[in-house]
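Protein sequences, first through last, are from chains D and V. Sequential numbering from 1 applies to the first sequence in this note's numbering. Sequential numbering from 1 applies to the second sequence in this note's numbering.
Quick caveat, the hints were computed from the structure, so don't treat them as lab data. Be aware that a few hints might be false.
[What the hints assert, rightly or not] Partial pick of chain D residues on the chain V-facing surface, computed with a CB cut under 7 Å:
#: 1; residue: 59
#: 2; residue: 65
#: 3; residue: 84
#: 4; residue: 85
#: 5; residue: 92
#: 6; residue: 97
#: 7; residue: 103
[Stated by the list, open to error] Computed footprint of chain D on chain V, listed as stretches where at least three residues anywhere in the stretch have a Cβ under 8 Å from a Cβ of chain D:
#: 8; segment: 55 to 62
#: 9; segment: 162 to 171
#: 10; segment: 497 to 505
#: 11; segment: 568 to 574
Glycine included, every Cβ here is placed at the ideal spot set by N, Cα and C.
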Amino acid sequence: MSETNGRLPLLEAVDLRKDYWLPEKGRIEVLRGVDLRLHEGEVVALLGKSGAGKSTLLHLLGTLDAPTSGEIRFEGEPLSTKDEVELADFRNRTIGFVFQSHYLLPDFTALENAMMPLLVRRMERRRAEQEAAAMLERVGLGDRLEHRPGELSGGEQQRVALARALATRPRILLADEPTGNLDPKTGRAIQDLILELNREMGITALVVTHNETMARDFPRRLRMEEGRVVAGD
Amino acid sequence: MQRSIAPREPASSTAAAEAPSRRPIAFSPIAWLLGTVALVGALAGQGAVRLFLAHQLGMRAATSDAIGILVGVGLALGGGVLVAGLTRRIGFWELFAGFLLAVAAGHGLLAAESTAAFFDLVPEGARFLGPLALAAALFLLAIVGATLAHMLGVGHEIDLAVGWEARVAKSHLRLSRPLLWGLGLLVLGIVPGVVVLALLLRRQRRSPTLIMTVLSIGGVAVGVMALCVVLAVMSGFEIDLKRKILGTNAHAVVLKYGIFEDWEQAAEVARGTPGVLGVSPFVLQEVMLTADNNLTGALLKGIDPETVGDVTELPREIVEGSMEYLADPSRIPVRGEEPNRLPGILVGRELARQLRIFVGDPVMVVSPLGGDLGPMGPQPKSMQFRVAGVFYSGMYEYDSKFAYVALDRAQAFFKMGGSVSGLEMKVDDIDDARRISRNVLGRLEGYPFRVKDWGEMNRNLFSALKLEKVVMAVILAFIILVACFNILSTLVMLVLEKGKEISILKSMGARDNQVMKVFVLEGLAIGGIGTAVGLALGLILCTAISIFPIPLDPEVYYISHLPVKIDLAQFGLVGLAAIVLAYLATIFPALYAARLRPVEGLRNE
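Whole structure, please, built from the sequences with the hints as guidance.
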């Protein structure tokens, strides 16, 4: 990809390795040296069978877990120099997560759920409400602000989760099988929404999926096998 | 290909390395030093401040004690904050090392004569445990300071807000309005409260944590209530005892080495001292009393009937006869013929009962000394008195041992001439008796005069009472401690239950200290509600005991009903102690939650 030469990648993984120790099986190498570059504005699908290390890679890229070895750099700066507080702020300001389950707070309304990362940032409540409401509006839930997760459908819940991830206007969206728990039609709608938001907001996105047909819509696809990124196109 | 590794620009990585690292420091000797200085300083400082304020500035004992303790608490808390700020973590090991040194220093100070007075709060019987307990309390306070500072981001970025953390905490505890109403009703009446809570728990059966929460609140409430009621009853006993002792005895006495003849001038000086309300002379000797065939030992006190009412309650304690008969014995009613010629004597009700005497009966007072010299050595001297009155103070020891006669009769009987044993004084503030009596001594220019206040005269009794109260408080505080373990287990359950939620919050960028806040707030909510309910229940129970007295056997306890003294400051201290214990109980689960790695709750998807 010649057009990336000379430009600093937004997020870069260098020889990333992750081992786990299991009492019965001993050392398990989940990631065996992953190299990856995400450029500003890219939207990338990460394909692979379950157990290939897709989720682990996503967690490492999002600083939810620390690699056994290797390095992750954001705009060229290694994240390993940051302490816990800086990493938390990095997650808050730069990264938005969407998971397979929506993980919404059950006692909070859609609006309050979408506001959470802004409140974590200590944004003033009124402004946080406006930003979160605008983002819920954008994902098509303008009329569901005061509903609790239990009163929403699966697709709507995932939209709230998406709005929550994007309310902070992050630079990178990391999505771990966001459509995995949804029926194909709803899943398709969520995926289209992500692609749309990428075009609209210029957000960089890495979406883990194991659905080959859905992944065809992505301009760039990476494939993982046995803890390595084996192919990209 | 994008997988090739581009050479790193060295500029950016060195820039990152040069930026000041905010990582926690492994073991900070400076923090350790500061922590030790703070703990030892708090230990010695509280004593030094109290002694200085009381003795150099002449402050009231209660005030100087309070200020001294506040200084100690402040130093310990401040030391904890400093250590947390310097180490950028809680600094437990630094503080613990400081604690060990503080225990050693405390025992050193206690062993040294000149500094042992720093520990005068420690009861005599607990000399060894005193510094240990004091240092442990200060260490816990330092931990409170350190964890609070850590939670509020001292050393990183100070972050006092609790907005979303409080909302999340509330949703975890499911502290709905009906639940709080149920607890409120529980305070007002057990039955409706239990019904409401039972209905509520039935409806919200889905969450075992709600049941745990309610049980934890109940545990704290029961502990706080028990401690409050027991302390109120013990205060009641103490006050009752104090009232009886001070009713019969003066607040302070002036004594003199040698013969006390110039007592009238000394009485004038004492009367002119600020804070002294009354002065009265007295003579005191041990004698035997006989009436018919009955005999008992007694303390014979010569008093001035005119002024004795200014210093003791004696005139108001006469239950039969009259005080006036002492000055004018001829008015004593005598069964039979002629007017009385014998001098009058007042005896206690128990004494009268032992001697089987009533007002108007003759009593023989026998003193082994004071008689003429006979062929076998000094002969006992005896004199007839007539019972002029019977008093009842409520203290068995006084009612069975004391007999009063007019001062001049006593002086004549003991051949003392114009001299007295001492002067009794009444002061305007009994807790300040020591300072006022010292002032009197100062105006009398010291030696050969000396003064004693009621605390010194009854030291054994009151220090035993104080020790009993402290031990009782410590034992009952264990109930609250057990209740706080309830809080701990509830919180641990909550942390385990909410692992996923913690991970999500962290993926959103919640900092460790913010997650800590969530669980500390939960623990404090449980502790706070439990304490409030317990204090309210304690107050209601104490009020009920004082309105509907619980009878006691007066022959055994010498008090007709269970006394209770509602001291709001004491209630406040119990509440504060309960909240501090509840806070300490939250530290472990809250730190556990805060230190969970974000990926922990997401892994088993």
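Going down the list of hints, with the structure as the test:
1. 59: 5 Å, holds
2. 65: Holds. Min distance 4 Å.
3. 84: 6 Å, holds
4. 85: Because about 5 Å separates residue 85/D from the closest Cβ in chain V, which is inside the 7 Å limit, the hint holds.
5. 92: Interface hint status for residue 92/D: holds (2 Å vs cutoff 7 Å).
6. 97: Residue 97/D check passes; min Cβ-Cβ to chain V is 5 Å, inside 7 Å.
7. 103: Constraint on residue 103/D satisfied, holds at 5 Å.
8. 55 to 62: violated (count 0)
9. 162 to 171: holds (count 5)
10. 497 to 505: The restraint on the segment 497 to 505 of chain V holds, since 5 of its residues have a Cβ under 8 Å from chain D and three suffice.
11. 568 to 574: violated (count 0)
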